[in-house]
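Q: Sequence:
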Amino acid sequence: MYNPICLIHNPINGRHRHPGRTFPPPFPSAGRSLTIMSVTSAVANAAAAAAAAGTGKKAAQVQLQAELNNDDEWNKFLLRDGLLVIDVYTEWCGPCIGMVGNLKKIKVEIGGDNLHLAVAKADTIGCLSRFRNRSEPTWMFISGGQLINVVFGADAPRLARTIVEELKNEELVKKGERERPTRAPHELTPPEQEVALAQAKLLQLRKEKEAAAAAAERLERREARAVALEVHFNDVCPALMMPHSQKNIRKVSDALEPYGVIVADKCPLVLGKDGAKVLGVEDPEFAKPETAMALLERPALVLLLKKLPDKEGSVIELVRRAIYNEGIESDEDDTKKSLAEELRANGIPGVFVPTDRHQRASALDLFFPKMVSAVAAPLTAPEPPHVAMILGAWQRRAVLNIIASKLPSRLLRYGFFKDADVEQPTLLCKTIDQYEERPEKDFSETIVLMISVGVTDPGAEGAPVTEGVPHELLSLGPLWVSEDAVLGKEECARFFPPGYSEPEKKPGPKPKKKKKKRHDTREETADNVDAPPGTAPDTEAGDGSVEGDPDPEGEEEGEEREEEGQGDGDGEAEEGEELLLDKGTSPPPVND
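1 is the number of the first residue of the sequence shown in this note's numbering; add one for each residue after it.
The set of hints was computed from the structure by calculation and includes no laboratory data. The reader is advised that the hints may include incorrect statements.
Below, a list of computed lysine-lysine pairs in the DSSO-like style, where the Cα atoms sit at most 27 angstroms apart [what the hints assert, rightly or not]:
#1 K168 - K247
#2 K430 - K406
#3 K266 - K370
#4 K337 - K266
#5 K174 - K105
#6 K311 - K251
#7 K168 - K76
#8 K418 - K430
#9 K201 - K266
#10 K104 - K76
#11 K370 - K277
#12 K168 - K104
#13 K105 - K76
#14 K288 - K337
#15 K107 - K174
#16 K247 - K306
#17 K489 - K418
#18 K489 - K430
#19 K247 - K277
#20 K251 - K288
#21 K336 - K247
#22 K207 - K277
#23 K489 - K406
#24 K174 - K76
#25 K201 - K489
#26 K251 - K266
#27 K174 - K104
#28 K430 - K583
#29 K336 - K251
#30 K583 - K441
Please construct the entire structure, taking both the sequences and the accompanying hints into account.
A: Quick look at the structure:
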């Protein structure tokens, strides 16, 4: 006989089941009490089973895929026995959710206790630093604390095959028939080394290309500036005397006199940190820390040297001949010191004189900015290296919110265009307010960003410091990103030509037509004395109509136009109701 209160626990699903059919007990009273006890126990056991089932599901989920957020959790997880499959992700991209179902199936059907799954955040785990800021799914296979394989991409069949193969290899390792590779998790696998080497070569080529383009742009800017200043300062040469050599100003003046050069002006000047940096770029001797520090502690003496009208030759060559003995052929002992060497003290140069017209233009802008700005346009700062990034116009709010909150200084320009054509772009409007006012929007319309990928060093004009494309914008899935800063400059020139940022001229108000005024006679005024207040006297206009009264024909036309406008608006509303997607804020539909 089966006991009616005996319930067998099922370890598979955490629930209770009845073993079989029960028979009535021999005593009715006992049967009634036993029945009540059975029902009560069954209800209690069912409630406990339900709670255990819920807890079991949560525990199974946690056990199925552990979450690793720091180095301690990472190190503890590596101590587990068996094969560890870890989904490495970055915070802005997130783990690969689409593979969770396949991993569950593999663990239940094949892996069991020999397979452990986890997701690890590369941003907060030092061992995974090489995987940061990457959107490609990355799967690490670790066993015995050693990295045995790495798989990139969300290829489900490939990942499944790799798991099966590595589980078999682990069984062979346990039997002693195979040796596990010795490779720390932070080390690169052979495929990773090949990819890293190829990427390093591409990165080096890109840096060389960008550096060459920056040098050419800098030379072009310096030449343009030299040409602009030569018109006004062709017979002038700036110079600088260090604080320790200012007492020798008389020696400098006497050395310049035989060459027809005079000291036209002089004044003390504190260059500051940025000024010393600019001067150090022009002359490496002034880039030394001790020289720059001397310029920061005390004011230097800047000189404006001018060639006399009757003297021929370049003023720069004459000054350097007098101070540096350049271009002088003498039969005297070559060991004779020049004036520049005499002014040197403790390895710090005593004087600076530009070597060419480019350095002269730079020194004039640095030493005499007010004098230069009075006759020439101020020098504009070069644009930082940048690329073009194209996204769907329906993403405009997310894009501009990210830029406003996290990247306010990286956006140089933006605009809305007809499509993603890089070769021949068609501009729609320049601001988001103008785009929102557009009555019709299309899925093909795009927002194009001119994004800075680095900064330009103010001391070394044109020397870029690359930072890369912001990963916050890459996470939105752009339609196009320039390959490098060189191509980015060319592409941005098509989207944002010269004068793009200049304010648009608004059309002026239309001139109002002047109404002819008729002279009111006293008789007309007298006739209208008894008119009620607030009413205007009826006067005939020149065209026969009555001023002050609305035109009845015009009123009828206005009503007809109003009715037509209402009809059109209703029609547009009906068409809008039929659309399932708002082209202004929704992504384009997926074509099957």
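Q: Give a verdict on every hint.
A: For each hint, the structure was consulted:
no.	hint	verdict
1	K168 - K247	violated (85 angstroms)
2	K430 - K406	holds (22 angstroms)
3	K266 - K370	holds (14 angstroms)
4	K337 - K266	holds (25 angstroms)
5	K174 - K105	holds (24 angstroms)
6	K311 - K251	holds (21 angstroms)
7	K168 - K76	holds (24 angstroms)
8	K418 - K430	holds (12 angstroms)
9	K201 - K266	violated (52 angstroms)
10	K104 - K76	holds (22 angstroms)
11	K370 - K277	holds (20 angstroms)
12	K168 - K104	holds (18 angstroms)
13	K105 - K76	holds (25 angstroms)
14	K288 - K337	holds (23 angstroms)
15	K107 - K174	holds (19 angstroms)
16	K247 - K306	holds (21 angstroms)
17	K489 - K418	holds (21 angstroms)
18	K489 - K430	holds (19 angstroms)
19	K247 - K277	holds (25 angstroms)
20	K251 - K288	holds (26 angstroms)
21	K336 - K247	holds (22 angstroms)
22	K207 - K277	holds (23 angstroms)
23	K489 - K406	holds (23 angstroms)
24	K174 - K76	holds (21 angstroms)
25	K201 - K489	holds (22 angstroms)
26	K251 - K266	holds (15 angstroms)
27	K174 - K104	holds (24 angstroms)
28	K430 - K583	holds (19 angstroms)
29	K336 - K251	holds (16 angstroms)
30	K583 - K441	holds (6 angstroms)
Consistency note: the structure conflicts with the earlier hints numbered 1, 9.
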